[in-house]
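Novice: Single-letter residue listing:
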Amino acid sequence: MTATQDGTPGGPPTALPAGRPLAHQRGRPADVLFRFATAACASIVLILLAGMLVRTTWAAWPAFQHSGIGLVTSNNWNPNTSSFGGLSFIYGTLLTSVIALVLAVPVSILIALFVSEVAPPGLGTPLGYLVDLLAAVPSVVYGLWGVIVLVPFLTAYVWLPLSRHLGFIPLFSDFASGRNFATAGVILALMITPIISAICREVFRTVPAEERESALALGATRWEMIRLAVLPRSRPGIVAAVMLGFGRAVGETIAVAYLIGGVPNKITLHLFQQGSTVAANIALQFNEAASLPLFKASLIALGVILFIITLLINMAARFVIRRTGQAPV
Amino acid sequence: MRIRQRRLAPRKIAAGAATMGILLAAAACSSSASGGTGSGSSSIINGAGSTLAAPMYQQWAGQYHASHHVQINYQAIGSGGGISEFTQGVVNFGATDAPMTATEQANAQAGQGSVVLHIPMIIGTVTLAYNEPSVKNLKLDGPTLANIYLGKITHWNDPAIKALNPGVTLPSDPIQPVERADSSGTSYAFSSYLTAISPTWASQIGASKTPAFPVGTGATGSSGMAAAVQQTKGAIAYVEYSYATQAHLQVASIKNASGQFVAPTTASTAAAAANATYPTDVTKLTFSLNNSSASGAYPIVTPTYILIAQKSKNASANSAVKAWLQWCLQSPQQAEVTKLGYAPLPSKLISLDMSALKTVN
Amino acid sequence: MVVAMWAAVAAAIVPLCFILADVIAKGIGQLSAAFLTQPEPFVVTATGGGFGAGVRGTIKMVALGTVASVPIGVLAAVYLSEYQPRGPLATVVRFIADVMTGIPSIFVGIFVFTAVVLETHSFSSWAGGLALGILMLPLIVRTSEEALRLVPGTLREASLALGVRRWRTVVSVMLPTALPGITTGILLAIARAAGETAPLLLTAFGNQLLVPWTTWNGPEAALPLEIYFDSRSPFPAQQARAWTGALVLIVGVFVLALTARFVVARRSRVRA
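Chains as they are written, first to last, in my numbering: chain A, 176 to 504; chain U, 2 to 362; chain X, 38 to 309.
It should be emphasised that the hints constitute simulated quantities derived from the structure, not laboratory data. Hints should not be assumed to be uniformly reliable.
Pairwise CB distance ranges, derived in the manner of DEER restraints [what the hints assert, rightly or not]: (1) A:Ser258 to U:Lys163: 49 to 59 Å; (2) X:Thr252 to A:Pro383: 50 to 60 Å; (3) A:Gly245 to U:Thr360: 24 to 34 Å; (4) X:His158 to A:Ile483: 25 to 35 Å; (5) X:Gly124 to A:Arg498: 14 to 24 Å; (6) A:Asn253 to U:Thr155: 52 to 62 Å; (7) A:Ser258 to U:Thr155: 53 to 63 Å; (8) A:Pro383 to X:Glu156: 47 to 57 Å; (9) A:Leu403 to X:Leu155: 55 to 65 Å.
Note that beta-carbon positions come from the ideal geometry of N, C-alpha and C, so glycine has one too.
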């Protein structure tokens with residue numbers, strides 16, 4: 176027997192009557208218990224993470240009272256004079272994350288496509304694992320290797336030549352040091368590539384074979400098949416992967432602290448200047464601030480602002496997805 | 002048509018759990034058999050702080066454990082971290098190169114519920130490492146250093162540097178001062194020296210673990226400073242003695258208050274310490290060794306202190322720390338310090354330390 | 038287009054090879070069984086010894102974090118994708134999980150420091166494990182939810198239509214089908230947790246000595262912590278140990294990932 180037993184209407188293929196158990200299942204203890212268990216776990220996640228958010232905001236409250244909106248709009252960070260304008264850190268976080276995304280997203284998607292669509296399985300799977308190995312490298316090793324190897328290499332072969340030959344572009348002029356926004360962005364790109372690539376790989380893998388085969392049967396080339404059958408369905412998943420990569424880039428502490436210079440109050444388009452990010456600043460200054468309440472509250476407050484920014488960007492991403500009608504939520 | 006439902010394979014799950022349990026039990030048994038932490042010892046004594054002193058404290062802790070069976074766990078999180086974690090009561094003692102400010106002292110005493118003592122344990126050296134291969138023995142003095150870090154001297158062949166190094170051909174490279182981006186006792190030592198010899202520096206920036214340097218590039222950690230100097234021609238950075246010697250960096254000789262240009266060595270550091278005057282109040286045993294006028298004394302020398310409560314809430318841990326410190330001040334232990342690049346404490350300072358420790362519960 | 042793909046692969050693999058080459062070249066010298074089981078020598082200039090304390094601590098704390106976050110995270114993801122996906126609880130949890138994937142790792146450290154370490158006046162292994170678990174949780178929730186949503190609806194409906202109960206459908210049809218995706222998420226989370234320094238600085242603190250497997254109440258070492266401290270040392274012996282520790286950590290996480298994927302792949306093949 177393949178029909179539903181109580182004759183409830185079928186509905187659209189991917190939407191069951193949400194939350195309404197079928198008649199013969201209503202009230203079965205195992206189902207109720209299971210549903211309760213999953214709801215309980217979701218609530219635990221909520222309580223834990225929301226609790227952390229609430230407690231952190233409460234700890235940061237004195238900073239909001241003291242600095243007001245100047246915490247994010249003013250570019251004057253000087254703890255010695257109790258001036259806590261953290262615009263430069265927010266700017267640094269966003270700038271390095273954008274650089275990281277610009278570098279990592281195309282590379283990751285291409286790698287994922289390569290591994291799932293183009294490469295023969297004997298080559299694709301090991302390559303996929305190899306890229307995943309980038310995720311196994313601890314962040315302190317990225318910082319170490321970055322300072323010892325990447326900085327001199329990039330300075331000599333990429334940053335300085337760019338600054339000499341393309342120096343008319345403001346991005347590339349005014350070289351200060353090899354430990355700068357650009358290098359921090361590069362190391363972040365290396366760190367988020369495995370995340371975006373691994374998730375995109377899973378997403379591409381779940382595209383049903385029938386859709387690929389229909390495209391090919393209609394005469395599409397492999398690239399056309401990818402463009403018509405694989406990518407459109409995968410857009411929500413790709414966006415989710417990019418958002419997770421962005422989150423990682425925004426939250427990376429140690430590697431960035433090693434590579435960005437840790438200089439506050441620097442807002443500039445010159446990528447080869449030093450600066451700082453919210454996370455790196457907390458790491459660099461927390462020990463100094465731990466017993467000075469206003470300083471500590473201001474560091475934490477910047478983190479809270481970071482949450483809000485991440486939230487807004489995620490909301491924007493979901494909105495874009497919903498507009499293109501690809502996902503139910 | 003019968004539907005063969007996938008079972009959750011309870012037997013497999015049970016087998017897996019049993020294996021895990023056996024493995025964990027085996028690991029637990031083997032670990033206690035290996036006696037990794039010693040038998041029947043009471044809880045660990047924890048300390049945190051200065052990176053400069055860490056090699057010595059960790060060696061002394063290990064040697065003390067071998068002979069006295071007390072576990073002392075020291076982590077080098079930086080002077081600022083040592084002060085703050087000691088204030089919050091999560092470590093039994095702190096270690097800092099920079100004496101606590103009045104605010105820090107008040108907070109620490111409130112946090113510990115008792116007067117907090119500084120016990121100077123080690124004398125360290127701040128060297129100026131630079132990267133100009135053609136300049137073999139660079140000589141600098143305090144005001145010139147201050148002007149480099151204030152941004153007033155921008156090239157190696159500046160007249161001020163030329164005057165200090167007659168007969169040496171100086172390159173025209175720009176000078177790149179490097180500074181610590183993180184909170185650091187070494188930054189305090191360096192900035193307190195500059196405060197002592199440069200009124201401009203004293204008024205504009207002052208001495209702190211996080212000075213607001215007007216120019217220069219930032220690096221994280223002393224090893225980051227050493228790497229920055231090695232990678233950038235024309236760079237100059239302030240690093241502790243061991244970083245310069247172990248990485249074979251070029252270091253400058255600095256002019257002391259008697260007009261001699263002295264190279265940083267354990268001997269020149271010891272000369273500065275031997276000829277200093279020390280406070281008499283053992284509850285306020287902080288002092289500066291900067292800009293010594295003694296013969297052969299290096300001018301940028303920093304003591305490093307251990308912070309201990311006079312009467313701690315955790316009395317047994319505190320007496321253990323006190324016993325350990327008294328042991329560290331004895332001559333066999335003091336004889337080890339030069340191997341790690343420090344200068345030994347002069348005997349008058351050792352007796353001051355002992356008197357201070359007598360006031361601990 | 039294929040050229041672009043090869044270029045992308047190279048862009049990722051080439052730096053990886055350089056990192057691995059460096060880590061292996063600098064770290065292989067000290068690698069030995071003793072390195073994995075012995076603590077560091079207390080004379081910092083001495084060679085020998087190893088990161089035994091850190092290996093043990095990382096295994097303990099990552100295991101605790103995984104055990105704490107995986108069941109809760111996966112079941113929460115089941116709720117988000119199966120029951121009331123548009124409901125209020127699900128929407129809020131989804132947003133919070135999204136926001137929390139961007140949390141600076143030091144934040145989790147500060148939170149657990151304030152909530153646990155200051156209250157108990159002591160650093161501890163279980164505080165470290167808790168911090169790692171909190172770090173892992175948002176990533177596991179999000180990737181598991183995505184993996185579950187990608188399971189074709191037809192599978193679920195066929196199972197329900199055949200009379201299988203809802204919970205059984207989830208456990209026997211949806212979860213196994215989504216298992217590769219969920220595993221990817223868990224492995225990414227473990228890789229991150231195993232390599233994080235900042236949260237452990239404030240919770241586990243670090244320890245020169247080996248802590249027994251059964252002791253969770255005091256400070257504990259961890260591999261990233263030992264790498265961090267030793268890499269900041271001026272002495273070559275300690276720096277060499279830091280690189281070997283890095284090699285051990287990378288290889289350890291990689292072997293774990295390979296094993297997990299192998300097990301999952303074999304399971305899928307057996308089923309088919």
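Novice: Hint by hint, which ones does this structure get wrong, listed from lowest number up?
Specialist: 1, 3, 6 and 7
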